[in-house]
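*Asks:* Sequence:
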Amino acid sequence: MKYRAFLIKYGEIGVKGKNRFLFENMLMTQIRHALKPVEGAFEVTKEQGRIYVLVVSEDYDYSGTVEALKCVFGIVGFCPLLQVPDEGFDRLAETVVDYLTQAHPKKNFTFKVNARRARKNYPMDSMEINAELGGRILDAFPEASVDVHDPELVVCVEIREQINIYSENIPGPGGMPVGSNGKGMLLLSGGIDSPVAGYMIAKRGVSLEATYFHAPPYTSERAKQKVVDLARIVARYSGPIRLNIVNFTDIQLYIYEKCPHEELTIIMRRYMMKLAEHFAAESGCLGLITGESIGQVASQTMHSLAATNDVCTMPVYRPLIGFDKQEIVTVSEQIGTYETSIQPFEDCCTIFVAKHPVTKPHLEHIRKSETHLDEKIDELMQTAIDTVEILTVEAE
1216 MKYRAFLIKY GEIGVKGKNR FLFENMLMTQ IRHALKPVEG AFEVTKEQGR
1266 IYVLVVSEDY DYSGTVEALK CVFGIVGFCP LLQVPDEGFD RLAETVVDYL
1316 TQAHPKKNFT FKVNARRARK NYPMDSMEIN AELGGRILDA FPEASVDVHD
1366 PELVVCVEIR EQINIYSENI PGPGGMPVGS NGKGMLLLSG GIDSPVAGYM
1416 IAKRGVSLEA TYFHAPPYTS ERAKQKVVDL ARIVARYSGP IRLNIVNFTD
1466 IQLYIYEKCP HEELTIIMRR YMMKLAEHFA AESGCLGLIT GESIGQVASQ
1516 TMHSLAATND VCTMPVYRPL IGFDKQEIVT VSEQIGTYET SIQPFEDCCT
1566 IFVAKHPVTK PHLEHIRKSE THLDEKIDEL MQTAIDTVEI LTVEAE
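In terms of this note's numbering, the sequence shown opens at residue 1216 and continues consecutively.
Hints in this document: simulated from the structure, not taken from any laboratory.
Cβ coordinates follow ideal geometry from the N, Cα and C atoms, glycine included.
A portion of the hints provided could be inaccurate.
[To be verified] Each pair of labels, with its calculated beta carbon distance range:
(1) 1529 x 1360: 29 to 39 Å
(2) 1396 x 1274: 34 to 44 Å
(3) 1611 x 1384: 26 to 36 Å
(4) 1304 x 1549: 39 to 49 Å
(5) 1235 x 1558: 41 to 51 Å
(6) 1216 x 1334: 22 to 32 Å
(7) 1517 x 1274: 40 to 50 Å
(8) 1237 x 1476: 44 to 54 Å
(9) 1539 x 1375: 46 to 56 Å
[To be verified] Result set (DMTMM-like, lysine to aspartate or glutamate): computed pairs, CA atoms no more than 25 Å apart in a straight line:
(10) 1322 x 1347
(11) 1224 x 1383
(12) 1261 x 1274
(13) 1261 x 1373
(14) 1327 x 1301
(15) 1570 x 1539
(16) 1231 x 1262
(17) 1285 x 1579
(18) 1217 x 1309
(19) 1418 x 1436
(20) 1224 x 1254
(21) 1327 x 1358
(22) 1418 x 1548
Please model the entire structure based on the sequences and the hints provided.
*Replies:* Structure (structure tokens):
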């Protein structure tokens, strides 16, 4: 069946009171952006608390449209829709039977009719429409049966200026429209965790910028490309991501030379946070985002996270903080980042790892160790800032 419209369903937006229209408009903007690369022309409209995607070209890519809408945060579900003019109940019943004939090849389904009469001048009320349409469907499909409690098929009929007919609800990702809750700076590595953190914070309406720390020649160009590929996958959900690629080699080598090796990871993380916060402030971000989870590795114990936070003036958001590894892997598989994340190209976090890293660092000891860096660290930090490579990464 060739659908020419989709009904968009949202969740949390519906309880936003007087600000609801702002969130609806943001969602419509995100839908338009998501559909730009899809073959066909579309119009996104709003009418009486309903958002519609209307196909305005002769041909379009149905499956591409479905996949694009599945990635728009704020959509909890969407329904391929048949819209018809009001030509009387008999014509409506014929249209519903024809619709079910085409849309559902299996004819021995259980069903119920769910009618909504938004236009109150229609000559039948909702209960009458349910009963009459149910009878017409049973006449057309003798093997079908009514089940009002647990039907295989819910035939929805909405009486509006036009009449909406649909029976399929395709799940969306939920959440809030991207951009409705400000912007954050994601510390993006080539691992499994940080892309998932970016996805989850974007789901709450936060638009993303990202910073990646590159360490040539210890990390390869392929490692850098892996991070760009991950950003491209996350961008399917978040929209375009501005990616700051920071050359971190000289800073890492200097820390390696001057500081106790068991403290290397913590001190490197502290300088990464400082640099990420610099770029975040320049871009108007409201916080930093990391993929850290309590106790996953030595640098993610409560003591280590406290030592890392010490250098930040912005809030640090850790959406995976209570997840175990398998839970993170499950989400990464669902969003399509896992296979890229496990490619064997190491990032700078894994190159300069101490054999026996401290798991309960004392903040005063860390600060004292960092005094050994005073001679050159400010100059090296400024060089890293001045030589940053900036890419705008969009979904394929």
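*Asks:* Look at each hint and say if it fits the structure.
*Replies:* Hints, verified against the model:
The hinted range of 29 to 39 Å is not satisfied by residue 1529 and residue 1360, whose Cβ atoms lie roughly 60 Å apart. Range check, residue 1396 to residue 1274: Cβ separation about 37 Å, and the 34 to 44 Å hint holds. With their beta carbons about 27 Å apart, residue 1611 and residue 1384 fall inside the hinted range of 26 to 36 Å. For the pair residue 1304 and residue 1549, the supplied restraint of 39 to 49 Å holds, since their beta-carbon distance comes to about 44 Å.
For the pair residue 1235 and residue 1558, the beta carbons lie near 43 Å from each other, so the given range of 41 to 51 Å is met. For residue 1216 and residue 1334, the hinted distance range of 22 to 32 Å is satisfied, since their beta carbons lie about 25 Å from each other. The supplied range of 40 to 50 Å is broken by residue 1517 and residue 1274, whose beta-carbon atoms lie about 57 Å from each other. Separation of residue 1237 from residue 1476 is about 52 Å and conforms to the stated range, judged on CB atoms against 44 to 54 Å.
Against the hinted window of 46 to 56 Å, the Cβ-Cβ separation of residue 1539 and residue 1375 comes to about 47 Å, which satisfies the hint. With a CA separation close to 19 Å, the supplied pair residue 1322 and residue 1347 stays within the 25 Å bound. A threshold of 25 Å between alpha carbons decides the hint, and for residue 1224 with residue 1383 the separation of about 12 Å falls inside it, so the pair holds. Distance check on the hinted pair: residue 1261 and residue 1274 sit about 23 Å apart at the alpha-carbon level, within 25 Å; holds.
Note on residue 1261 and residue 1373: the hinted pairing holds, with a Cα-Cα distance of about 15 Å set against a maximum of 25 Å. Between the alpha carbons of residue 1327 and residue 1301 the distance comes to roughly 22 Å, so the proposed pair stays at or under 25 Å and holds. Taking the CA atoms of residue 1570 and residue 1539, the gap is near 23 Å; set against the 25 Å cutoff, the hint holds. As the CA atoms of residue 1231 and residue 1262 are separated by approximately 17 Å, the hinted pair is consistent with the 25 Å bound.
At most 25 Å may separate the alpha-carbon atoms for a hinted pair to count; residue 1285 and residue 1579 exceed this at roughly 48 Å. For the proposed pair residue 1217 and residue 1309, the alpha carbon gap of about 17 Å is at most 25 Å, so the pair holds. Annotation: proposed proximity of residue 1418 to residue 1436 is violated, straight-line Cα distance about 30 Å (limit 25 Å). Note on residue 1224 and residue 1254: the hinted pairing holds, with a Cα-Cα distance of about 23 Å set against a maximum of 25 Å.
Between residue 1327 and residue 1358 the alpha-carbon distance is near 14 Å, which keeps this suggested pair within the 25 Å criterion. In summary, the hint linking residue 1418 to residue 1548 is supported, as the alpha carbons are separated by about 16 Å, within the 25 Å threshold.
In the structure shown, a violation is registered for the earlier hints numbered 1, 7, 17, 19, in ascending order.
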